[in-house]
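Colleague: Got chain E; can you put chain F on it based on the hints?
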Amino acid sequence: MARTAAPTRRATARRQPRPDRATAEVSRASRWTRYARVVFLIPAIAYVLFAFALPIVYNLILSFEQTSPATIASLFAPFAGLANYRTALLDPTTQSAIVRTFTFTAGSLFFQFVIGFGLALLFNLRFPLRRVARSLVIIPWLLPLLITGFIFRFLFQLEAGAVNEVLTDLHLISHPVGWLTSPGPAYATILIANIWIGIPFFTVLLYSALQDVPVELTEAAMIDGANAWQRLIRVTLPVIRPVIEVVFVLGFVFTVKVFDVVIGLTQGGPANSTQILAPWAYNLSFQQFEYGAGAALNTILLIIALLAAPVYIWLNRESLRRA
Amino acid sequence: MIRQHRYTAPLAALGALIALVVMLFPLYAVVIASFENNAQLLGNHYNFWPPTPSFSNYTAVISSQGGHIASTLIIGLGTALLTLAIALPAAHALSRYRFRVTVILIGGLLIAQILPSIVIANSLFILYHKLHLLNTYPGLILADASYTVPFAILVLRAFMLGLPGDVLQAARVDGASEWTTFLRVVLPMSRSAVITIAVFAFLQGWGDFIFALTLLSGNTFEPITLSIYSYIGEFQTNLGQAMALCVVGVLPAAMLLVAAQRYIAAGLTVGSVKG
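Sequences listed follow chains E and F, in order. If you count the first sequence from 1, position 92 lands on 92 in the working numbering, and the numbers rise without skipping. Counting the second sequence from 1 gives a position; the working numbering is that position plus 1000.
Among the clues, some could well be false.
[Said to hold, decoys possible] Simulated coverage check for chain E against chain F, where a stretch passes if three residues somewhere in it have a Cβ under 8 Å from a Cβ of chain F: (1) 69 to 76; (2) 140 to 147; (3) 234 to 240.
[To be verified] In silico negatives: residues of chain F with every beta carbon more than 10 Å from chain E: (4) T1052; (5) A1060; (6) L1073; (7) L1077; (8) D1208; (9) N1219; (10) Y1229.
Since the hints were made in silico from the structure, they are not lab data. What you are looking at is a predicted structure, and each value in this text was computed from that prediction instead of being measured. Built from N, CA and C at the ideal position, the CB exists for glycine as well.
Looking at chain E on its own, in the form it has when it is part of the complex:
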């Protein structure tokens, strides 16, 4: 148990009741010890306030202010009402970025799930060197995202790009595709890069879920005459459904805020055809110096990301219940 880096469901179930939970114990703790315990929490509370609560509140304030490069020197600027939201939302690039963020997220999650689940099923079979293969497949997940974007930029370049080379060799295309120079292919490129990055996450989590499917269940279904497909649909999928939910919620959260990959690959171009919310908010604030409009867009991004919050908290209800 102490050897595993994280408690599995099985391990936590075996966990003994903590004596400190006994009411007698709690009431016996003197006021002094209770203060001493709070000290352990102070750095975390201070950090959450500083790094999360403060920026969110300040972003909200900023989004209602009339900012300009000159107002950056002072913390506060004149009240602007909804002007920033109007500016941001009336901009056609923002409108397309919002729509694109959703299609980008949906497209990424769909392919990440299909490919990731396929690989998880594959790794669940026995074959030589499966452990090595399983750990190698994790690598794309751990790379700095900007570097991944930059590497894909190199692979998808026009003349000496590996993708055009391979597709030409396979006679799938007759002329090199301008992946990064025309809008449609550029969008496909950021999507492909992001799917590539997310596959290991889906594979690892779904694989560990498959490992937890009780063998007796699949064996029983087999004895009852279920074929492999029926076992997958009727037994395996229902059993691992909780993990699938978690994976999709986390995948949504990761994907709506994608930033580095887009900057490394296309920087939102050509002609803003690959702008999604996070890079576009950055562009407004730091390249056009429209801090107010950038903050308004950030608030919209925040609201979209927080759509996942109720589900995410519900999925983590166990850890809150133990609180």
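Modeller: Coordinates of chain F only, in the frame set by chain E:
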């Protein structure tokens, strides 16, 4: 384990091989590219093997980027240390005692995991301007820890909830203070979880781009992600060096995966959060 058909294993191995080729090709490509010169990288066809392998990109990168690599190391290590310093005591207290703030804090950490970093970066830029934290290591490391602190507290707490209660009780009976129990009993027993968190926090600090881009102006120090970003502007001129720097950038992830594979695989499974 269900019996497998006799062809299953070879077919699965073949499938895994194809998957690995696709998944690892970008890494192969960047390593190969780092041994080529600009003319070869920007010629009219792609080379699957360097025509004239050379280390010159690496010598150039080490002389021009050595300082940036050192800065990136400091940022990665700083992020790991700060994350552990904040998360370990909190996880310990949250796993042992019930506080009035427990539910709020854990709920807040779950929400904090969801927040997009660009939102935080946008605000911190102006706040840091006032606090004189722009272009400083402490400022950047404080921001980078936002990737890891919520995750670290939640994972470490879940791990510590699983520690045997009687050992902690024994320490208490022996008269150990809260602090001593934490340092002498809880920390050693949590070693594997601590390593996992440290590795992840290091990789997050090492690979951070958003906060480096927004909170540093590049005049004082810069991590290699920013250097690679500036290569994009001069894509045509220094692609070979950029590729060598990319290899340096992906090296820690690859090395740590080999060295701490057991911890990483386990750590990833707990619902890690990235980005």
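Colleague: Looking back at the numbered hints, which does the structure fail to meet, lowest number first?
Modeller: The structure conflicts with hints 3, 8, 10, although it agrees with all the remaining ones.
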